[in-house]
Every structure is written in C-alpha cells, then in structure tokens.
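Residue numbers (this note's numbering): 840 to 901.
Hints were generated in silico from the structure; no laboratory data involved.
Heads up, the beta-carbon is just placed ideally off N, CA and C, and yes, glycines get one too.
Wrong hints could be hidden among the right ones.
The calculated label-pair distances, taken between Cβ atoms and stated as ranges, are [as the list claims (entries may be wrong)]:
id, residue 1, residue 2, range
1, PHE890, THR868, 27 to 33 Å
2, PRO846, LYS869, 31 to 37 Å
3, GLY863, VAL886, 19 to 25 Å
4, PHE860, PHE890, 30 to 36 Å
5, ILE848, LYS871, 14 to 20 Å
6, LEU857, PHE890, 27 to 33 Å
7, PHE891, LYS869, 31 to 37 Å
8, ILE850, THR878, 14 to 20 Å
9, VAL875, LEU853, 18 to 24 Å
Listed below are the simulated SDA-like cross-link pairs for lysine to any residue, each with C-alpha atoms no more than 20 Å apart in a straight line [as the list claims (entries may be wrong)]:
id, residue 1, residue 2
10, LYS867, ILE885
11, LYS869, VAL880
12, LYS871, VAL882
13, LYS869, ILE885
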Amino acid sequence: MILLPMPFIFIGILLLLLSFFFLGFAYKTKDKDGVVGSTMVLVAAIVLLFFFGVLSQWMLRI
840 MILLPMPFIF IGILLLLLSF FFLGFAYKTK DKDGVVGSTM VLVAAIVLLF
890 FFGVLSQWML RI
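Given the sequences, and given the hints that come with them, work out the whole structure.
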C-alpha cells in the first residue's frame with residue numbers, strides 16, 4: 840500500500856526538472872510566454888508532488 844503514490848512522485852520530480860530546464864531556456868531567449876508556461880508547469884509539479892505524493896503517504900499512515 841505504501842508504493843501506491845510513488846509514480847506521482849517520480850512524475851512530479853520529472854516535471855520539476857523539466858520546468859527548471861525550460862524556464863532557464865526561456866529566460867535566455869527572453870521569451871515571455873515561455874517563462875509563463877514554464878512557471879505554470881513548475882507550479883503544477885509542486886502541486887502534484889505535494890497533494891498526490893506527500894499527502895497520499897500521510898493519509899495511508901492514518
């Protein structure tokens with residue numbers, strides 16, 4: 840039962856790393872739409888990690 844939310848953690852970490860990569864690329868090319876999009880992917884990755892990863896582990900222990 841503990842391994843159930845693990846794919847969400849791996850997907851969240853992957854999204855987090857990719858968003859940092861694309862955010863840096865968008866800053867270098869001065870692409871405003873790229874910065875906004877990368878920031879939203881970063882927020883989505885943090886939400887995915889927090890709600891589906893951390894809270895799922897916490898709820899399984901209760």
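message = To test your reading of the hints: which numbers does this structure violate?
response = 4, 5, 6, 10, 13
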